[in-house]
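Engineer: Letter by letter, the chains look like this.
2 protein chains.
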Amino acid sequence: MSQDQAGRVYAQIREMAEKFAFRPESQVNEVALAKKFGTSRTPVREALNRLVAEGYFTFQARKGFFVKPFNPREILSLYETRVAIETEATRLAISKSTDDERAALANGLQSVLRALEQTDDPEVRVDLDEQFHMLICKAADNPELERILSNLNSRVRFFRRIDLKHRLSGATTKGAEFGPRHDIIVKCIKESDQNKAVQAMRHHIERRREEATDAVARAFTAIYFDGDRR
Amino acid sequence: MSQDQAGRVYAQIREMAEKFAFRPESQVNEVALAKKFGTSRTPVREALNRLVAEGYFTFQARKGFFVKPFNPREILSLYETRVAIETEATRLAISKSTDDERAALANGLQSVLRALEQTDDPEVRVDLDEQFHMLICKAADNPELERILSNLNSRVRFFRRIDLKHRLSGATTKGAEFGPRHDIIVKCIKESDQNKAVQAMRHHIERRREEATDAVARAFTAIYFDGDRR
DNA sequence: GTCGGTATTATTGTCGACAGTTTTTAATGC
DNA sequence: GCATTAAAAACTGTCGACAATAATACCGAC
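These protein sequence lines are chains A and B, in that order.
Residue numbers for the first sequence follow our numbering, so the first one is 5 and each next one is one higher.
Residue numbers for the second sequence follow our numbering, so the first one is 5 and each next one is one higher.
Think of the hints as simulated: they come from the structure by calculation, not from any bench.
Treat the hints loosely; a few may be bogus.
Copies of the same chain look alike in the list, so a pair counts if it fits in one copy or across any two.
[Claimed, not checked] The calculated lysine to aspartate or glutamate pairs, modelled on DMTMM-like cross-linking and capped at a C-alpha distance of 20 Å, are:
| id | residue 1 | residue 2 |
| --- | --- | --- |
| 1 | Lys191 | Glu134 |
| 2 | Lys100 | Glu214 |
| 3 | Lys200 | Asp103 |
| 4 | Lys72 | Glu58 |
| 5 | Lys67 | Asp8 |
Please model the entire structure based on the sequences and the hints provided.
Structural biologist: So this is what it looks like as C-alpha cells:
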C-alpha cells in the first residue's frame with residue numbers, strides 16, 4: 005500500500021469542499037469517501053479531522069462530520085476576519101521592513117499587478133489576486149498571520165471566483181472598479197505611509213465583502229440547482 | 005470500550021501541550037501516549053491531527069508529530085496576531101451593537117474587573133483576564149474571530165501565567181501597572197469611542213507582549229531545568 | 001578511532017473487523 | 001391515517017495486526 009493516502013485524501017477532500025461538492029449541513033459519509041478514494045476509512049477520518057480544525061467541517065460526537073453551514077453570516081465573518089488579519093499584516097509589513105525590503109515588496113506586487121492586466125481568465129486572476137495579498141502578509145514576517153490568511157483564502161476562494169466571474173462578465177468596467185485599489189496599496193507601501201496603506205487595505209477588502217455578499221445568492225443557486233448531487 | 009476516547013485524549017494532550025509537558029521540537033511518541041491513556045493509537049492520532057491544525061504540533065510525513073518550536077519569534081507572532089484579532093473585534097463590537105447591547109457588555113466587563121480586584125490567585129486572574137477579552141470578542145458577533153482568539157488564548161496561556169505570577173510577586177505595583185488599562189477599554193466602549201477603544205486594546209496587548217517576551221526567558225528555564233522529563 | 005555499510009529495532013501508515021450508537025424501517029395498536 | 005415501539009440497517013469509534021519506512025546499533029575494514 006502506498007504510504008501517504010492521508011495527504012492525498014486530505015488534498016482531494018479539501019478541494020471538493022472548496023468547490024462545494026458537498027451540500028452544506030449534510031453529513032459526510034466516511035465509507036462512501038473511502039470507497040471513492042480506494043482507501044480504508046482511516047485516512048479519510050484523518051483528513052476530516054484536520055479539515056474540522058481548519059473550519060471546513062464541524063464534528064459531533066457519535067454523529068460524524070458535517071459540512072459547515074453556508075449562510076451570509078458565515079461569509080461575512082470570513083471577510084471580517086480577513087480585514088483583521090490583513091490590515092495588521094500591512095501595518096507590520098511596513099513598520100518592520102527596511103527601505104530595501106519595502107522596495108522589493110513593491111516590485112513583487114507590481115509584477116503581480118502587471119500579470120493581472122494581461123489575463124482575463126478568472127481562475128488565473130483569482131490566483132493572482134490571492135498572491136498579491138499573500139505577498140504583503142509574508143512581508144509581515146509572522147508565520148501565524150500567514151497560516152490564518154492562507155486558511156481564510158482557501159475558504160473564501162469559491163466566492164471570490166463567482167464574484168470575479170460576474171464582474172468580468174461585464175457588470176462593471178474592469179479598469180474603474182478593479183484596477184486602482186491595488187495600485188493605491190502598493191503606492192502607500194512604497195511611501196511607507198502606514199495609516200493610508202492600512203485604510204486602503206481595509207476598504208479594498210470591505211468592498212470585496214459587499215460584492216461577495218451578492219455572490220452568495222448566485223452561489224446558492226449554483227450549489228443547489230446545478231445538477232444532481234447527494 | 006467507551007465511546008469517546010478521542011475527545012478525552014485530545015483534551016488531555018492539549019492540556020499537556022499548554023503546560024509544555026512536551027519538550028519543544030521533540031517528536032511525539034504515539035505508542036507511549038496511547039499506553040499512558042490506556043487506548044490504542046487511533047484516538048491519539050486523531051487528537052494529534054486536530055492539534056496540528058490548531059498550531060500546537062507540526063507534522064512531517066513518515067516522521068510523525070513534533071512539538072512546535074518554542075522561540076521568541078513564535079511568541080511574538082502569537083501576540084501580534086492577538087492584536088490583529090482583538091483590535092478588529094473591538095471595532096466591530098462597538099460598530100455593530102445597539103446602545104443597550106453596549107451597556108450590557110460594559111456591565112459584564114466591569115463585573116469581571118471587580119472579580120479581578122478580589123483575588124490574588126494567578127490562575128484565577130489569568131482566567132478572568134481571558135474572560136474579559138473573550139467577552140469583547142463575543143460582542144463582535146463573529147464566530148471566526150472567536151474561534152481564532154480562543155485558539156490563540158490557549159496557546160499563550162502558559163506565558164500569561166508566568167508573566168502574571170511574576171508581576172504579582174511584587175516586581176511592580178498591581179494597581180499602577182495592571183489595573184487601569186482594562187478600565188480605559190471599558191470606558192471607551194461605553195462611550196462608543198471606536199478609535200480610542202481600538203487604540204487602548206492595541207496598547208494593552210502590546211504591553212503584555214513586551215512583558216511576555218521577558219517571561220519567555222523564565223519559561224525556558226522552567227521547561228528545560230524543571231526536573232526530569234523526556 | 002572512524003567511516004561505510006548492513007542488520008536490527010522502533011515508529012509510522014493503513015487496513016479489516018467488530019462493538020457501540022444512531023437512524024431508518026417495519027410492525028402493531030389505536 | 002397516526003403515534004409507539006421493536007427490529008434492522010447504517011454508521012461511527014476503537015482496536016490489534018501488519019506492511020512500509022526511518023532510526024539505531026552493530027561490525028568489519030582501514
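Engineer: Now tell me if each hint is right for this structure.
Structural biologist: Each hint, compared with the structure:
1. Lys191 to Glu134: So Lys191 and Glu134 pass the 20 Å test inside one copy only (18 Å; across, 39 Å).
2. Lys100 to Glu214: between (31 Å within a copy, 16 Å between copies)
3. Lys200 to Asp103: Within one copy only: 18 Å inside, 30 Å across.
4. Lys72 to Glu58: Cα proximity of Lys72 and Glu58: in one copy and across copies (11 Å, 18 Å).
5. Lys67 to Asp8: Cα proximity of Lys67 and Asp8: across copies only (12 Å, versus 27 Å in one copy).
The structure fails none of the hints (numbered hints given earlier).
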